[in-house]
Amino acid sequence: MATGALLTPQRRERLADYARLMRVDRPIGTLLLLWPTLWALWLAADGFPDLHIFLIFFVGVFLMRSAGCVINDFADRDFDPHVRRTRDRPLAAGRVSPGEALALFAGLCLLAFILVLFTNTLTIMLAFVGAALAALYPFAKRYTHLPQVVLGAAFGWSVPMAWAAQAGEVPPEAWLLFIANLLWTTAYDTMYGMADREEDLKIGVKSTAILFGELDRFWIGILQAAAVIALFLLGLKLQLGAFYYMGITVAAGLAVWHQLLIEDRDPRRCFEAFLHNSWFGFAIFVGIVLDRLVPLGGGG
0 MATGALLTPQ RRERLADYAR LMRVDRPIGT LLLLWPTLWA LWLAADGFPD LHIFLIFFVG
60 VFLMRSAGCV INDFADRDFD PHVRRTRDRP LAAGRVSPGE ALALFAGLCL LAFILVLFTN
120 TLTIMLAFVG AALAALYPFA KRYTHLPQVV LGAAFGWSVP MAWAAQAGEV PPEAWLLFIA
180 NLLWTTAYDT MYGMADREED LKIGVKSTAI LFGELDRFWI GILQAAAVIA LFLLGLKLQL
240 GAFYYMGITV AAGLAVWHQL LIEDRDPRRC FEAFLHNSWF GFAIFVGIVL DRLVPLGGGG
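Taking numbering that gives the first Met the number 0, the leading residue of the sequence shown gets 0, the next gets one more, and so forth.
Mixed in with the good hints there might be a few duds.
Unchecked claim - List of simulated lysine to aspartate or glutamate pairs, EDC-like, C-alpha gap at most 20 angstroms:
1. K236 / D77
2. K201 / E213
3. K201 / D77
Hint data in this document are derived by calculation from the structure and do not stem from the laboratory.
Remember, predicted model here, so these are calculated numbers, not experimental data.
Using the sequences and the hints, build the whole thing.
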């Protein structure tokens, strides 16, 4: 009875708006951040990572992705009302105030930082850089046409953090994986930018989709190919086996499919290609897990 009295319809609606602000209803961003984190954990552990490290990063991915969405909407609160796809977001529609959004952002970051405190000193130090990148990204689109690269660095930073938490160090292989993730993230977020390009041009928001112009598909292809090559080189350095390379092959085939989806630059198809990139990350993860479980063809 007391719980029902506390959760009035107005409060339930407010909680729902907070959840929408955190994109709880749109898990794609969490998945795109989760897969590289899991890549790093499994490779650093040479198998299943320590359970407490896995749980810390699993929950931490959700918290930091949610925090990133909140600060992104805070930064875009004057732009989102003019974009058809974003005009109904809680902050843009005025259902959540800027002060509430900042408080929610701070709370999510605090919870994530508390989790990091249960790791090691190196991971804690890296966490400060990760938080700075997450806060910087939403504002990058005001000053540079490369906000997708900043997002790639922010998403990719989970790799050295996860590796450090599991192994206590960040070897060259972890930085190669970071680069692969940065390239992949820049590619798929450019697809996302292609979906919004016309409206972004009207309101003055910058992106790689605008920078690349008619060469957008070409440069996305270069980024995709470079990411696959980096992942291939990582496999050579770590002496991974056939299952890992099967995962890369499937991921490369998915990248070709994404090129076909964006061929006509239809905004809906570009957004579909962006969403479909979760399968790219999943394919790599499955390859890594199978390679660790069932070494085949030279795997460790």
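Query raised in the report: So which of those numbered hints doesn't the model satisfy?
Result: Hint 1 is the one this structure does not satisfy, whereas the remaining hints hold.
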